[in-house]
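There are 2 protein chains.
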Amino acid sequence: MIEDRHVTLAHGNGGRHMRELIETIFVRHLANPALDVQLDAAPLTLDHALVPFITTDAFTVQPLEFPGGDIGSLAVNGTVNDLAVSGAVPQFLTLNAIIEEGLEVALLDRVVKNLAKAAAAAGVSIVAGDTKVVPRGQGGGLYLVTTGVGLRDSACALGLGAVRDGDAILVSGPVGDHGIAVMLAREAFELKGDVRSDCASVLPFTVPLAGLVGVRFMRDPTRGGIATVVHEIARATGLDIRLDEAEVPVRDAVRSVCEILGYDPYYLACEGRVVAVVAPEIADDVLALWRVLPDGEHAGRIGTLEAGRGRVVLQTVIGGARLLEELEDDPLPRIC
Amino acid sequence: MIEDRHVTLAHGNGGRHMRELIETIFVRHLANPALDVQLDAAPLTLDHALVPFITTDAFTVQPLEFPGGDIGSLAVNGTVNDLAVSGAVPQFLTLNAIIEEGLEVALLDRVVKNLAKAAAAAGVSIVAGDTKVVPRGQGGGLYLVTTGVGLRDSACALGLGAVRDGDAILVSGPVGDHGIAVMLAREAFELKGDVRSDCASVLPFTVPLAGLVGVRFMRDPTRGGIATVVHEIARATGLDIRLDEAEVPVRDAVRSVCEILGYDPYYLACEGRVVAVVAPEIADDVLALWRVLPDGEHAGRIGTLEAGRGRVVLQTVIGGARLLEELEDDPLPRIC
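Protein sequences appear in the order of chains A and B.
So in the numbering used here, spot 112 of the first sequence is number 112, and the numbers just go up one at a time.
Position in the second sequence counted from 1, then plus 1000, gives you the numbering used here.
Treat the hints as calculated values from the structure; they're not laboratory data.
For clarity, every value in this text was computed on a predicted model and none was experimentally measured.
The beta-carbon is built from N, C-alpha and C at its ideal position, and this holds for glycine as well.
Which residues of chain B face chain A? A few of them, derived with a C-beta cut under 10 Å, are:
| id | residue |
| --- | --- |
| 1 | 1013 |
| 2 | 1053 |
| 3 | 1223 |
What the simulated footprint calls covered on chain B by chain A, stretch by stretch (three residues with Cβ under 8 Å from a Cβ of chain A suffice, anywhere in the stretch; the number is not a length):
| id | stretch |
| --- | --- |
| 4 | 1040-1050 |
| 5 | 1086-1095 |
| 6 | 1126-1136 |
Excised from the complex, chain A in its bound form:
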């Protein structure tokens, strides 16, 4: 058992204290048949009929816990979702924890417990990991890194190269929840609101689409929000994107906070949403499919691709049109 109430540098030294930290916190919550902490590397059992995909992400969110999630659930869902929008089904994760000396052991325990819960919900096993402890004042409490391996059907052709003039852009739910929830959890703001992070696996939204004819491309709008995703699509394809402001779902509570503080929800991170580009003739079918899912009731068709030169045009509710700029200054750093 671990005796200390706070993590010390000795918990990162490769010796007995580190072994105790790993066994007491990480192995206890993450134990599964594929995890053997005595191994330098873990074997992966993969179905050879499918194509393995890999992705990686670091998580530095502040604060470490927020309404609707914490850095643990975020670290699983962020990487799960990068595989999901690639059309892959996540199988395995690796986990790195960079812990700042002085972190409360009880907090670390809660985070790893939620991480395990998110992994179970998404059907992934943690197969390898590593912990480092950095001196007080050099770590922001806790940084996590997850790397995920998933499998995709070899016939799946999702990608920016498949996007066509006339395609529809869909979003699976309201935007900006995660950004505002984390922002409100920061003590610097006096505002209190009832906004929870949307932090969740998007697999229920992506798995039915991955094999569907007419689905071109999917992405999860995290850092930089949906504005950044549509700019990436416009830049890569050279097509213009017309976004319809009236159709972009934004919760009233999120809109209110944004108006008070001068944020634009289009640039705020989601952690449980999907943006999909689909052929116009299947747009309604996809929306119907999404809207019956939990958290899918507000899914909407938010835009269209048109011949052009890589611009993003916002059709406003009052009937005007303006260029939607690429993100310049970060509205909310440390959001994921």
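Place chain B on chain A using the hints.
Same frame as chain A, now just chain B:
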């Protein structure tokens, strides 16, 4: 091109500045056919006749550059070596950079360049990555995380379960070089020495052994040094280990610094050495094979496994014997 001389928070925001940082530094040095920064996840091409292995490691070394290496070469070799000692040949790496606001862009450029050089030397491609920027005072300059996928012959049976009473313990070169090189590079010490880190891929040492009958187990002695590796073997097998002090290779310069500062080189990190457990009848053959390799001339047979109860006994040069304790307090934190 990137205009700033120092990394700012805007370089982590998911927008234009981040894209510029990634393209100018990371893509420029790491470009390879398998790296597509537009993708959320990267496909892996694997030989189905072999077994994929995965491993991950975080690197928080201070200072970021030291004689014989830097955090970039370390981040590649550390993960390459975890696969190598597992009997796998590394194929792909993912890379996460957690950058502290204010880091000099020129330093980051040098580190990523050396990282690319180490990856090329080890024959691995960087296929996916992620950067985050954390506020000044929360990052120690730069933390790197690498996750590696390698392939191992399905007949390979390396593992602690294969270790037998009577087996020999070998080390591929002098111990403690990395620990002392990094320590001397810290300005806090006035000592100057001519010690370079042994930071390198150990693949030349492990590949010829992976298929050899009689090779039981390999590990790279990083954090905690060879003392920690032999304790892991003793604990896992329940066998005693008798280490022969006269046979453990330690460079004179490392020994001198250790004597002055009261360090024990057995507990200091190596980053380019292998400890192998082999059947006694092949020990000389393995040493002969290793000694003709670059950096292999000091390879030695340093110990023997005996029936016992998981203790590590050091046979000293003056003829005595004492228990070698498991690492308690970290002699040199932030060594990798």
